[in-house]
Amino acid sequence: MLKTFPTGGVHPPENKLTAGIPIEYLPVPEKVVIPMSQHIGAPANPLVAKGDNVKIGQLIAEGKGFVSANIHSPVSGKVSKIDTAADSSGLKQPAVFIDVEGDEWVEGIDRGKELVMDIKLSSEEIIKKCFESGIVGMGGATFPSHIKLNIPSGKKCDVLIINGVECEPYLTSDHRLMLEKGEEILVGVSILMKALKVEKAMIGIENNKPDAISHLTTLAASFAGISVHPLKVKYPQGAEKQLVKALVKREVPSGRLPIDVGTVVHNAGTAFAVYEAVQKNKPLIERVVTVSGKSLQKPGNYMVRIGTPLSWLLEAAGGIPADTGKIINGGPMMGKAVSNTDAPVVKGMSGIILIPASEAFREVISPCIRCAKCVSVCPLHLEPYLLMTLTEKGMFERAEAEKITDCMECGSCSYTCPAGRPLLDYIRLGKSTVIRLARQKVL
Amino acid sequence: MSSTILTTIICLSLLAFLSAVILYFVAQKFKVYEDPRIDEVQALLPAANCGGCGFAGCRNLAEAIVNSDSFEGLNCPVGGAAVMEEIATILGRTAPVSDPKVAVLKCKGSPEHRPRTSVYDGAADCRIVNSLYIGETDCSYGCLGYGDCVKACTFDAIHIDALTGLPLISDEKCTSCGACVRACPRNLIELRKKAKKDRKIYVACSNCDKGGPARKACRVACIGCGKCQKVCSFDAISIVNNLAYIDAAKCTFCRKCVGECPTNAIIEINFPPAKPKAKSEAEAVQA
Amino acid sequence: MTNMLKVSPSPHIHGKESTRKLMLNVVIALIPALIVSVFYYGIGAIIVTAVSVLSCLLFEFLIQKYVLRKPISITDGSALVTGILLAFNLPSNIPVHIIVIGSFVAIVIAKMTFGGLGNNPFNPALVGRVFMLISFPVHMTTWPVPKGLGTGYLDAVTGATPLAILKGGLARGQSMSEIVGQLPTPAQMFLGNIGGSMGEVAAIALLIGFVWLLYKKVITWHIPVSVIGSIAIFTGILWLVNPEKNADPLFHILAGGVLLGAIYMATDYVTSPMVPKAMLLYGCGIGIITVVIRVYGAYPEGVSFAILIMNAFVPLMNAYIKPKRFGKEVKHG
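Chains as they are written, first to last, in this note's numbering: chain A, 1 to 443; chain B, 1 to 287; chain C, 1 to 333.
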């Protein structure tokens, strides 16, 4: 009996078209654009100016405030300007523009491929190194990882959970990383365990990746305290709260974090980035991006430098197919639709999916038939039909009482609704309105 | 009459009498004293409960007016000057000076001027589109056309024009209650001073990008060139963040800025055709 | 790439469910019962069902097009299902004009006046049926006896239903041991060789439909099981206390509209609760009220009234019975 979270969840078609394609290192483009906000929290402050020469791995922006992250140059070359750049949704934010020249790395970065197992740094040094190297959650959430490693006083952590679930359809970057960089990931897990001062780590992997499960299980035998757990394939198994419930049967309370039930969750890709930062002195400058789609010529899992324009990445995948209707940044359940293909790759971009026009449509909206399927699939036991109606009618006080702010926007409700109702569109609106009104102390 | 019917009549009458007595005493004991003038003022108000005065409903405004000394900050834009005068009369105060306003949309980016660059397929709600992305065009400031303003209006004064996809505001029906102003997530609607013959001159653009990107996104965008400001002899135009704004208090409707604007971002409404016709007639007479 | 990209909020994919598919699966689930009633009642069964379905669709079309001026949605299958379920509540020899009146009440009054699909508080087919029962009591209480395929539409032979026999016998003071001989056996009720409305005959046909509905995930087990279970328990208690004055639970479950009501009418999405806990409470309420009407009330059958009464409580249940939220509340300290 495979572990899973007990209620809710849906089963979208997996479409893991790129699961068998090994990671390919893409050549560096001619220009890169590095946005200053690639993480949750305050945008970073640029430390370079127009005309400066930069090297690969050089710190070019400093995290500002308690929740923020550093940003390092992924290329060597000259800063052409500091200006605003549009992200994949067309919204502008400050960014550093660099013209690429040569392949010069900052001194001290170990570019060798040998596995370094011995963890020389202490707990505090590890946490500091994560901050200095600009490590953020690589599963897409981009929460600055060093903050999660600092256990607040009064709270305890007894187990580290590693998220190797990758429950979104199409995405396979974590899968390939676990297969090809399994040992590095496990060293990264050990480093995280040392930082958190825990002796136990559990890696959760969905059962549709049997090769990764058996590979990591074999490797984990030589690592103290690390166990691998296959999980039932069900979306959203990779959601933090659902993963904690499935692996250690604890429910993270409403409005709280996993540390409140004694665990910390990190993505498998983050563990790899931590390994590179701590053992190889290499800051976060590149990531694996799954480029997938049924009409793509060359789908695959590409290791890309941060700041690479999407157009470069899509060219490498064989160009945008003529029948493309929609391009998604992330997975099809929670990703954002792309309207600007010149946007740069950022730290949290786990995949780019190209959907043919024949599949890129919304259902026709019809009245709610009160079938309660949305209630039965919601992993957090909310009532989406009610939250949508309350938002439409502007009844935000009642929406707050019905816990609209608990919603993690997984999309299971909209996915299931037989009447094609845009449940999540309105719930998202209601959530942001309730949060804004609460901040203004109106609610 | 049978005994059943008689008994029924007696019982029910007794019950009714008892209830009346109880209700009378309860009404007396828990009576709340209210100034009777509040009811009178409320009767004069339009009973739309639209919130245009800033209060939750007409009764709340009536209470505020009766309980305060002056009309400072208390005005019913829907009832307008006429209603405020009537209220002033029954309260024995001087009527407030009113300033009728009308709502205008500061965007003229129809598909003809502002090309569509993507197709939005989600729920038809401007707030949702606005929080999702830049919109179906390259202008991140412009009207999205999904009608949050239409839904907010309780006076049937706004409708989306089928050709331009932009909201049209009716001068007759608009009561300047401000509901549409609050509803628009991009703050495109402004309440401007109402002029005679419903004439209006304003900058129909809210784009704060620099001239190049603004023009690229929309042919009739304000590019912040400042020519209008230079030609205005009444100091009515200011340019802030690459966007021109005409102060309705200072504008004399001379229309010089309209002709000067290189992108036609400034619009004039309800004016007769412009002067060049008279000029050529004068030349013809001289010749 | 020539076409413009589409942009919408997530999720960008949709499951295979649709309102029409759900309704069609209900229709498929009712096909065994329809076949059985044609087999027992002849052409009358087809005529009644056809008239009911067509008039329901027609009324919905007319109201949507001319009164409400909304897009026509008769192809979503909900009026079709209402039509079939209404027909299943009727005797197979009921005249056409009465069926049309019943359809009018079901669709126009019980559904459209409230705003159409999704807004009605009461089950439309049952409202139609109860209206017909009260307005045309004679037609609605003369039930044909199954005579086979060759039976004409209006010349069916009529007789009492098992529940009517039970009620009549008990009212005359007879004891159960005396009445039992006149009642059909459980096997007969299971296979449907009894008098009654078209939908209440073959238990086996209805149960096959139940399995289909569960398999296709149209309904969950909660409401049918709680309705049938509470009827079984309540009648079981009464029967154990006084077996001479009360029929056994198996009879009660197989007789009358319990199976039809529990599986197809009480599970109507619009008028049933949204949360499993509430569904169980709802089902128990229906069961108890049904038994009370059957045993202590004037009517021999109580399922329709029980469901309508519980429909009235559904908004209250939806407002107060909430799913257990994920993660217990922690007071912010």
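Careful, some of the hints might be misleading.
Claimed, not checked - Keeping only pairs whose Cα atoms sit at most 16 Å apart, straight-line, the calculated EDC-like set for lysine to aspartate or glutamate is: (1) A:LYS194 to A:GLU125; (2) B:LYS151 to A:GLU392; (3) C:LYS322 to A:ASP83; (4) A:LYS194 to A:GLU101; (5) B:LYS173 to B:ASP198; (6) A:LYS336 to B:ASP121; (7) C:LYS322 to A:GLU400; (8) A:LYS55 to A:GLU30; (9) B:LYS197 to B:GLU268; (10) C:LYS324 to A:GLU359; (11) B:LYS210 to A:ASP83; (12) C:LYS16 to A:GLU124; (13) B:LYS194 to B:ASP99; (14) C:LYS16 to A:GLU14; (15) B:LYS193 to B:ASP171; (16) C:LYS322 to A:GLU402; (17) C:LYS328 to A:GLU359; (18) C:LYS16 to A:GLU400; (19) B:LYS256 to B:ASP235; (20) C:LYS324 to A:GLU402; (21) C:LYS328 to A:ASP406; (22) C:LYS21 to A:ASP158; (23) B:LYS227 to B:ASP198; (24) C:LYS328 to A:ASP211; (25) A:LYS129 to A:GLU62; (26) A:LYS64 to A:GLU14; (27) C:LYS328 to A:GLU251.
As the list claims (entries may be wrong) - Per label pair, the in silico range of CB-to-CB distance: (28) B:ALA162 to C:THR75: 25 to 33 Å; (29) B:LEU14 to C:ALA298: 30 to 38 Å; (30) B:GLY212 to A:ARG256: 20 to 28 Å; (31) B:CYS254 to A:MET395: 30 to 38 Å.
No wet-lab data here; the hints were simulated from the structure. Note that the structure is a prediction, hence the values are computed from the model and not measured. We put the CB at the ideal spot given by N, CA and C, even for glycine.
Under the constraints set out in the numbered hints, which ones does this structure not fulfil? Those not satisfied are hints 3, 4, 10, 12, 17, 18, 22, 23, 24, 26, 30 and 31.
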